[in-house]
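Novice: These protein sequences, in sequence, are chains W, X and Z.
In terms of the working numbering, the first sequence opens at residue 1 and continues consecutively.
In terms of the working numbering, the second sequence opens at residue 1 and continues consecutively.
In terms of the working numbering, the third sequence opens at residue 1 and continues consecutively.
No lab work stands behind these hints, which were simulated from the structure alone.
All figures in this text were calculated on a predicted structure; none of them were measured in a lab.
Possibly wrong hints are sitting among the right ones.
Repeated chains share a single entry, so a pair holds when one copy, or any two copies, can fit it.
Heads up, simulated BS3-like pairs for lysine-lysine below, C-alpha to C-alpha not over 30 Å straight-line [stated by the list, open to error]: (1) Lys32 - Lys179; (2) Lys179 - Lys92; (3) Lys46 - Lys179; (4) Lys46 - Lys66; (5) Lys66 - Lys32; (6) Lys179 - Lys66; (7) Lys92 - Lys32; (8) Lys92 - Lys46; (9) Lys46 - Lys32.
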Amino acid sequence: MSAKVPIFFVFVMLFALSSANPSKRKQYTPCKNLVLYYHDIIYNGKNGANATSSIVAAPQGANLTKLAPQFHFGDLIVFDDPITLDNNLHSKPIGRAQGFYMYDTKNAFTAWFSFTLILNSPYHEGTITLAGADPTIKKTRDISVTGGTGDFFMHRGIATLITDTFQGDAYFRLRIEIKFYECW
Amino acid sequence: MSAKVPIFFVFVMLFALSSANPSKRKQYTPCKNLVLYYHDIIYNGKNGANATSSIVAAPQGANLTKLAPQFHFGDLIVFDDPITLDNNLHSKPIGRAQGFYMYDTKNAFTAWFSFTLILNSPYHEGTITLAGADPTIKKTRDISVTGGTGDFFMHRGIATLITDTFQGDAYFRLRIEIKFYECW
Amino acid sequence: MSAKVPIFFVFVMLFALSSANPSKRKQYTPCKNLVLYYHDIIYNGKNGANATSSIVAAPQGANLTKLAPQFHFGDLIVFDDPITLDNNLHSKPIGRAQGFYMYDTKNAFTAWFSFTLILNSPYHEGTITLAGADPTIKKTRDISVTGGTGDFFMHRGIATLITDTFQGDAYFRLRIEIKFYECW
Chain W
1 MSAKVPIFFV
11 FVMLFALSSA
21 NPSKRKQYTP
31 CKNLVLYYHD
41 IIYNGKNGAN
51 ATSSIVAAPQ
61 GANLTKLAPQ
71 FHFGDLIVFD
81 DPITLDNNLH
91 SKPIGRAQGF
101 YMYDTKNAFT
111 AWFSFTLILN
121 SPYHEGTITL
131 AGADPTIKKT
141 RDISVTGGTG
151 DFFMHRGIAT
161 LITDTFQGDA
171 YFRLRIEIKF
181 YECW
Chain X
1 MSAKVPIFFV
11 FVMLFALSSA
21 NPSKRKQYTP
31 CKNLVLYYHD
41 IIYNGKNGAN
51 ATSSIVAAPQ
61 GANLTKLAPQ
71 FHFGDLIVFD
81 DPITLDNNLH
91 SKPIGRAQGF
101 YMYDTKNAFT
111 AWFSFTLILN
121 SPYHEGTITL
131 AGADPTIKKT
141 RDISVTGGTG
151 DFFMHRGIAT
161 LITDTFQGDA
171 YFRLRIEIKF
181 YECW
Chain Z
1 MSAKVPIFFV
11 FVMLFALSSA
21 NPSKRKQYTP
31 CKNLVLYYHD
41 IIYNGKNGAN
51 ATSSIVAAPQ
61 GANLTKLAPQ
71 FHFGDLIVFD
81 DPITLDNNLH
91 SKPIGRAQGF
101 YMYDTKNAFT
111 AWFSFTLILN
121 SPYHEGTITL
131 AGADPTIKKT
141 RDISVTGGTG
151 DFFMHRGIAT
161 LITDTFQGDA
171 YFRLRIEIKF
181 YECW
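All chains should be modelled from the sequences, with the hints used to inform the complete structure.
Specialist: Written out as structure tokens, the structure reads:
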């Protein structure tokens, strides 16, 4: 009997250890998921009532009401975009996406984002801060969750950006799928 | 006697496991706390000697020596603010808060921050990098600690911003309470 | 015999626990290392073909083709710099460093960085997002890894910036040593 005790304990112990930090399993199963949409209408000098973003910095020779030539390289855009649960611009917002992005390549459309999703609804209360590059030549356009507060206290994870629609410079909508792997 | 061994071990093991990652307890007791103040004097075209921050980008029609209309939407401000342990602008600084913020809403005073506290004193040596939204309509204005070096190597946590004084566009002071929940 | 079982188990358990979260050992041995170089040529109004970065925001009185006086305080530079494995600008790039930095002090050369290394080579596939202050008066110029994707999924760590060469405003090269302490 006593010879079996060690075996039994090793199993219990291994099981316990493997579940001690469940968010870090090799399978990388998310501990929480979110799918959201946000909607961006850039200011063009005439649409002040509807615009949700504005160019505030631009390279030499460009201006603040028209995206710069050379793949918009050097434009820095501040935004305050409504977040919705579906892809309809006119759905009731559940929060705002606030921050900035900038176009950062002269020979391709790539952007660098840093912003916060501020969720304030019956579903979610808290913020998710994100940062990363959007290299459109890659099949996955993943950026990182760098912080969270409220319902997302200390969370970490990955957000995948998908351009859901792009209507020239007038309007674009991003689908953002957030997978948290560290949830607290 | 041998029958009691398993029970004893289960208790020891559970206790050991629950303390294996103490910073992640459900109670969320901080592993370290800091309370600091930082002081911002924005450049207005005349106060170059005293100013600690400067508007460097602004929306169409605004300039760099006066905060923009529409709740300053689109202004991006670079700062290098002294940090003190109390709320006196003239106390000996223990470091600098360096980075930027931008006003990001057209119909309310909200800002988005990303900056680093560089502490260099007998008390602390290291940096704390922060990012997040400051939605003034919420009672808590929490932003995230996204990184740390030196004494704050790999730390993570939450920083609460509190406007300690606000004298129009001339001067403001923020109280920042940092609670680290992952300390290394 | 049964008296020895507890001792044996205590050792096994302690060993198992100490290796449960190996990336967080007190010795702080990195779980992964990278050494990279990136190369920055700032736009001066004439070098459009070669430039990899551009001033897009500047303080009152400064312009976008010449770094500002007062230690460049207030200049915000967007960059898309080639990354190489050695210090040769003309080596085959293994990726791009994309993001921005700004000069943030009026009486010293200090900068604040936030950017992403986008690696795309036979060696590495993924992104590393970084943020932090570069206080040149300190012997260590450490910034924080705030996120990672792909091969660097959920990684955290510290990056040390070293100015490898600085040729006035024409060209600089940074050596960046990244030590990951949380690798997944």
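Novice: Are the hints correct? Go through all of them and say.
Specialist: Outcome of the hint check:
no.: 1; hint: Lys32 - Lys179; verdict: both (6 Å within a copy, 24 Å between copies)
no.: 2; hint: Lys179 - Lys92; verdict: within (23 Å within a copy, 34 Å between copies)
no.: 3; hint: Lys46 - Lys179; verdict: neither (38 Å within a copy, 45 Å between copies)
no.: 4; hint: Lys46 - Lys66; verdict: both (11 Å within a copy, 23 Å between copies)
no.: 5; hint: Lys66 - Lys32; verdict: neither (39 Å within a copy, 44 Å between copies)
no.: 6; hint: Lys179 - Lys66; verdict: neither (35 Å within a copy, 41 Å between copies)
no.: 7; hint: Lys92 - Lys32; verdict: within (23 Å within a copy, 40 Å between copies)
no.: 8; hint: Lys92 - Lys46; verdict: within (25 Å within a copy, 45 Å between copies)
no.: 9; hint: Lys46 - Lys32; verdict: neither (41 Å within a copy, 50 Å between copies)
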